[in-house]
Amino acid sequence: MSETNDKFKLVIVSGGTSDPSSTRMLADRIAGRTADLADQRGENVAVSVIDLRELATEIATALVSQLMGPKMTKAIELLGEADGVVASAPVYKAAPSGLFSSFFHVLDNDLLIAKPVVLAATAGTARHALVVDEQMRSLFAYLRALTVPTSVFAAGEDWSDNDLGRRIDRAAVEVLLLMESGFADKVRSESWKSYQHEYGSAGGTELDIDLGSDLMRLATGGSADPR
Amino acid sequence: MQFGIFSVSDITRDPVSGATPSEAERIEAIVQIARKTEEVGLDVFAIGEHHNPPFFSSSPTTLLSHIAALTERLIVTTSTTLITTNDPVRIAEEYAMLQHLSKGRMDLMLGRGNTAPVYPWFGQDIRKGLPLALDNYNLLHRLWREDVVDWEGQFRTPLQGFTSTPRPLDDVPPFVWHGSIRTPEIAEQAAFYGNGFFANHIFWPTSHSLRLIEFYRQRFEHYGHGTKKQAVVGLGGHAYIAKRSQDAYKEFRPYFDEAPVYGHGPSLEDFSTMTPLSVGSPQEVIEKTLTFHDAFGDYQRQLFLIDHAGLPLKTVLNQLDLLGEEVVPVLRKELESRRDPESAAAPTHAGLVEAKYGDRPARQPRPNANRGDNVTGASPYQDSDVEAEYPSLG
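Just so you know, the protein sequences line up as chains A and B, in that order.
Take 1 as the starting number for the first sequence in this note's numbering and just add one per residue.
Take 1001 as the starting number for the second sequence in this note's numbering and just add one per residue.
FYI, nobody ran anything at the bench for these hints, they're computed from the structure.
As the structure is a computational prediction, the values presented were derived from the model and not from experiment.
A few of these clues could be false.
Stated by the list, open to error - Only pairs whose alpha carbons sit at most 27 Å apart, straight line, appear in this in silico BS3-like list of lysine-lysine:
#1 A:71 to B:1128
#2 B:1288 to A:193
#3 A:9 to A:74
#4 A:74 to B:1356
Unchecked claim - Label-pair ranges, simulated between beta-carbon atoms:
#5 B:1016 to A:7: 25 to 31 Å
#6 A:7 to B:1115: 43 to 49 Å
#7 A:130 to B:1246: 52 to 58 Å
A virtual CB, placed ideally from N, CA and C, is assigned to each residue, including glycine.
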């Protein structure tokens, strides 16, 4: 892998709402560290950012009407092409923010299958620390994404603690190694059909139709196996 | 090419006047709307089927046979008939009856229904919705084509020696549209049987509807019913028309903003850009509708949704005037000039009779005499080929 110029596409999804936002800053540090590390290994990481604040009204629209606006469509396209994701949420009321969760609620279930994801969160107090592992990790398990072992949580005091930097380094190594391994591409090329899909899902790219299925036999006057 | 309107049958508070019509008022209004549809020169009136408030249309064939009796040319149809929670035997009987009473001025569109509790209310399971729809249609198809049916499927009680009465008018089954927005199996079934395929084409971008219609056209050709161009396609649409574009936006906005399903979500401007909704002057609605032809090619039926979200009767009747006087005549002319002579004609009873019989007279089934047990046995009609086998105790 050392001489390749192929860029890994790393996409930040940030639920931060202020500007500057510590949630976005945390995600930027993880992505930046990953890019540095890649650079040291002769690789390239291209980072793009989805700032959910800018998508807020489109996310609300999608929740109530399933209509995807132009910014949502662009975000889905970015995530569909991503090799890795940094998902960073502010914690409100002991949960990742509604804006952050809602964005992932309206995505197709198969958009992120097997893609490596770093989970990150910021909060006003360290009492929220387990929100990342107990709430965010299960959301991404449902989406069948591959969350990296180290989650990165930062309360106020962490910004003056070198341990935060060490956790960021660890998460960056993990996500880079998973991108290098090509795990997501391999799962998708060898096993894509073994996951549940809907016609037109995966951001409109899943258009395979299995004409040999039980239901297709039933559609054409035959009988499906009784269940 | 047929033009018409389709109604969901919602009874919705008018957000401008604050008034909610009674069920009696709305049912009376829909009859007026249907009569007006014929009066302004449109071809088709379609009604949905629902089994919960705030909708009134639980019994579409009763409404449609009444409308058929009050009109002369209008084709009455559904949008949709629930092929999941209705017994296909009852669909066969009720719609054949409607076909006789309307003298063939009817067809029907089949759909699954998306109101979850309706399934258990009718003894069904929504998780089986798709196989139920497919299995039920397989039976319905046979009930209209075979005098005597033996049947065993996955869901319904088996049938032995069953005859659905009355037999279809002229022994030609009603034309069937299969409606779907995202289910390839439904498009496949429509193609397999050579039936029509209808895309709701209201809330979703045109590109979304295009995928399944293309698949349906390919499979229609694959099954030997004709070329891709000869497949029978219907499209929904959603319009609000005023003489001046800015009036259309101004008048429709309060209804749009509070409409069931999409209200309180996207802006009217975004929705008009991203979906098939046409709001504007007659010319703007004409232009937008012509983009459907650009995307889908020749198609046979265009239905507009114009009476939902609490729009008052007077407004709906005015919409029909504008459609009939200014929009549809231009669309007919424009689409006719673009039409490939190879593409299918819009389905009518007369067309189906001609396709089946040519110049020969149509079959008119006459039942055999009742043997006294109210069961006619294996040969219920005088011209049937089947030899009767009467059970005996000997």
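Here's how the hints hold up against the structure:
1. With a C-alpha separation of about 36 Å, the suggested pair residue 71 of chain A and residue 1128 of chain B falls outside the 27 Å cut-off, and the hint is violated.
2. Between residue 1288 of chain B and residue 193 of chain A, the direct Cα distance comes to roughly 38 Å. Violation of the 27 Å bound is thereby established for this hinted pair.
3. Taking the CA atoms of residue 9 of chain A and residue 74 of chain A, the gap is about 15 Å. The hint holds against a cut of 27 Å.
4. Proposed proximity of residue 74 of chain A and residue 1356 of chain B is contradicted: the alpha carbons are some 51 Å apart, above 27 Å.
5. Distance hint check for residue 1016 of chain B and residue 7 of chain A: the Cβ-Cβ separation is about 55 Å, which falls outside the suggested range of 25 to 31 Å.
6. The supplied range of 43 to 49 Å is met by residue 7 of chain A and residue 1115 of chain B, whose beta-carbon atoms lie about 48 Å from each other.
7. For residue 130 of chain A and residue 1246 of chain B, the Cβ-Cβ distance of about 55 Å falls inside the hinted range of 52 to 58 Å, so the restraint holds.
Going through the hint list in order, the structure does not satisfy hints 1, 2, 4, 5.
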